[in-house]
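There are 2 protein chains.
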Amino acid sequence: MTAIKYDVVGIGNAIVDIIGRCDDAYLASHSLTKGGMQLLFDLAAVDALYKGMGPAIEISGGSAANTIVGVASLGGKAAYIGKVADDEFGRIFAHDIRASGVTYETAPAKGGAPTARSLILVTPDGERTMNTFLGVSPELNGAELKPDLIAAGKIVYLEGYLFDRDEAKAAFREAASIAAKAGRKVALTLSDGFCVDRHRDEFRRLIKEQVDILFANESEITALYQTTSFEEAARQAAVDVKLAVLTRSAKGAVIHSDGKAIAVAAAPVAKVIDTTGAGDLYAAGFLFGFAAGRDLETCGKLGSMAAAEIISHVGARPEQPLDKLARESGLL
Amino acid sequence: MTAIKYDVVGIGNAIVDIIGRCDDAYLASHSLTKGGMQLLFDLAAVDALYKGMGPAIEISGGSAANTIVGVASLGGKAAYIGKVADDEFGRIFAHDIRASGVTYETAPAKGGAPTARSLILVTPDGERTMNTFLGVSPELNGAELKPDLIAAGKIVYLEGYLFDRDEAKAAFREAASIAAKAGRKVALTLSDGFCVDRHRDEFRRLIKEQVDILFANESEITALYQTTSFEEAARQAAVDVKLAVLTRSAKGAVIHSDGKAIAVAAAPVAKVIDTTGAGDLYAAGFLFGFAAGRDLETCGKLGSMAAAEIISHVGARPEQPLDKLARESGLL
Chain S
1 MTAIKYDVVG IGNAIVDIIG RCDDAYLASH SLTKGGMQLL FDLAAVDALY
51 KGMGPAIEIS GGSAANTIVG VASLGGKAAY IGKVADDEFG RIFAHDIRAS
101 GVTYETAPAK GGAPTARSLI LVTPDGERTM NTFLGVSPEL NGAELKPDLI
151 AAGKIVYLEG YLFDRDEAKA AFREAASIAA KAGRKVALTL SDGFCVDRHR
201 DEFRRLIKEQ VDILFANESE ITALYQTTSF EEAARQAAVD VKLAVLTRSA
251 KGAVIHSDGK AIAVAAAPVA KVIDTTGAGD LYAAGFLFGF AAGRDLETCG
301 KLGSMAAAEI ISHVGARPEQ PLDKLARESG LL
Chain Y
1 MTAIKYDVVG IGNAIVDIIG RCDDAYLASH SLTKGGMQLL FDLAAVDALY
51 KGMGPAIEIS GGSAANTIVG VASLGGKAAY IGKVADDEFG RIFAHDIRAS
101 GVTYETAPAK GGAPTARSLI LVTPDGERTM NTFLGVSPEL NGAELKPDLI
151 AAGKIVYLEG YLFDRDEAKA AFREAASIAA KAGRKVALTL SDGFCVDRHR
201 DEFRRLIKEQ VDILFANESE ITALYQTTSF EEAARQAAVD VKLAVLTRSA
251 KGAVIHSDGK AIAVAAAPVA KVIDTTGAGD LYAAGFLFGF AAGRDLETCG
301 KLGSMAAAEI ISHVGARPEQ PLDKLARESG LL
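Going down the list, the sequences are from chains S and Y. Once you know that position 70 of the first sequence is 70 in this note's numbering, the rest is easy, because the numbers rise by one and skip nothing. Once you know that position 215 of the second sequence is 215 in this note's numbering, the rest is easy, because the numbers rise by one and skip nothing.
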């Protein structure tokens, strides 16, 4: 029996974000869907899109990694599993997540594909459109998924993006099984509406069979249940999974559990600068609260607070210590 | 006779900044002088300091490069000469400066030393302490210093940091000679008080013989003339160079020209987040105005405005278009 050492263990694609501004015309000229995540299949496609982007900054990212850093920033104990290469971006990713207080022991891959990167185009409205080259990140295998590490977390948190590559999908399933066998909670974020479209049937089966806590935003949950009605999608989610946490941007979130629905308002933000990481940090706040045994409404408020911090600046890693903000908000 | 194509041509060390926060105790524990720039002589020293730094973000930097990007952001025509390697940081540097509208044609070096990087530690007061590994950046040689490019600028702008390596110093002198022969103005920034200490005699000779416009802050100019009195240092600078632009952070700047001294106040800033690039952007505003034939007081106000923008966020590259800010301030 493995002892619990972590509040949350996250598994995802380890990515460095390259964030720059663009206007709506640039999205249109490249046929990009605002707010979505499209995959770039080679470095030539990365170069072509990068060339036309404005000046950028580089910040560590990756959906589950952002969440895990958020958990640590709130004062939670957190570990992360994700693959980088032995290159400059890999060193940046590893430094930043460790410097955030997260246990990160996945060895970098030598040779082969480079570390994943996402070109993130931020439009004047603050919305982000992601263009991700996965590089080495899906090459997670059994060796990285140490059962002792996964079983040492109260919750294992998995990102839906892992489903975009078969190797990562296999790792995803294995991690969920390890966690379930150890009696831990399995949490999943659906990641992206298009990602849901690509893997709908598998996600639905997985959610019914292996997921304890589901995170999704409006476009993801309606894509999952192929309906235009959020309420209908939420009703189906509540049947399929014990705890469904459904976010709706400025409209706040609805938490479905045990036949009850709890609405939590979004936290106020003076000006939305960059929405990158909003869902990731909502999950961070919620999971931190859940692991600490807080009631679901407080979990939701912690999520809203963390999401509000992240959208008020560029990048998906907190600029301010979230534990301090939580104390100031009376949530800690 | 080369036709003028640029307002300013800048030459400097091409650097990517790695910016993270730290407390004063971290500076003390590494014997770092707050506000200064120390050189790191190998990648092992970079790794040692990086390891203990908080999570960071990567943004293109380099003193003269920041200035040149500022000139372009104000609507000026600008070119830059500086050496990167054919690596990830080199690609980031080249992309960002070109995406800012600057002509940048220096070929990346293959093999050999990596692209320069500066670990920038920002303390809670917003002050930055830089730790720079120069890498390939000083390896400028005659081939990079195209006389046609240098002579195509109304002003050639050189950073004092180039003096820290012999190869770069030789390139510096050559560029100044090319500009002088073509009848162009030569502008120099002293860069750093410790840099001045290392090269005092040569800087003084150079300023008397080859410099038309000198930029220095209080610690640099007093280091140059080995006095604790700013007024005494300013008096000597006014004798040695036709146009001396001396900045004093929140106390504003004093411009010495033709026996007259013009004081220009600092522009107000709601909260100083990170002082990295303050002097670089002051020079950008001033040089843009000077190249456009504006009076010296307006040049100083353009400098104050650009410096105020840069210290209000993390990083030494403008987040907002400076031409827009200048128009809003009635300076354009």
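Among the hints, erroneous ones may be present.
One copy or any two copies: either way a pair holds, since identical chains are not told apart in the list.
Claimed, not checked - Pairs of lysine-lysine, DSS-like flavour, derived with a Cα cap of 25 Å:
#, residue 1, residue 2
1, Lys5, Lys181
2, Lys271, Lys110
3, Lys271, Lys324
4, Lys77, Lys51
5, Lys251, Lys169
6, Lys208, Lys324
7, Lys251, Lys51
8, Lys181, Lys324
9, Lys77, Lys208
10, Lys5, Lys51
11, Lys110, Lys51
Worth flagging that the hints you see were computed from the coordinates, not collected in a lab.
Evaluated hints:
Taking identical chains as interchangeable, the C-alpha atoms of Lys5 and Lys181 lie at most 25 Å apart only when both belong to the same chain, with a minimum of 17 Å there against 70 Å between chains. In this assembly of identical chains, Lys271 and Lys110 lie within 25 Å of each other by CA distance neither inside one copy nor across copies; the values are 42 Å within and 44 Å between. Taking CA atoms no more than 25 Å apart as the test, Lys271 paired with Lys324 passes in both settings, with 21 Å inside one copy and 19 Å between copies. Taking identical chains as interchangeable, the C-alpha atoms of Lys77 and Lys51 lie at most 25 Å apart only when they sit on different chains, with a minimum of 20 Å there against 40 Å within one chain.
In the homo-oligomer, the alpha carbons of Lys251 and Lys169 never lie at most 25 Å apart, since the shortest distance is 32 Å inside one protomer and 59 Å across protomers. Taking the closest pair of Cα atoms, Lys208 and Lys324 never come within 25 Å of each other, the shortest separation being 37 Å inside a single copy and 54 Å across copies. Taking the shortest Cα distances, Lys251 and Lys51 never come within 25 Å of each other, neither inside one copy (36 Å) nor across copies (41 Å). Taking CA atoms no more than 25 Å apart as the test, Lys181 paired with Lys324 passes in neither setting, with 36 Å inside one copy and 60 Å between copies.
For the homomeric pair Lys77 and Lys208, neither the shortest alpha-carbon distance inside one copy (28 Å) nor that between copies (61 Å) is at most 25 Å. Only between protomers do Lys5 and Lys51 lie at most 25 Å apart by alpha-carbon distance; the minimum there is 24 Å, versus 44 Å within a single protomer. For the homomeric pair Lys110 and Lys51, the shortest alpha-carbon distance between copies (21 Å) is at most 25 Å, but the shortest distance inside one copy (28 Å) is not.
In summary, the structure is inconsistent with hints 2, 5, 6, 7, 8, 9 from the numbered list given earlier, while agreeing with the others.
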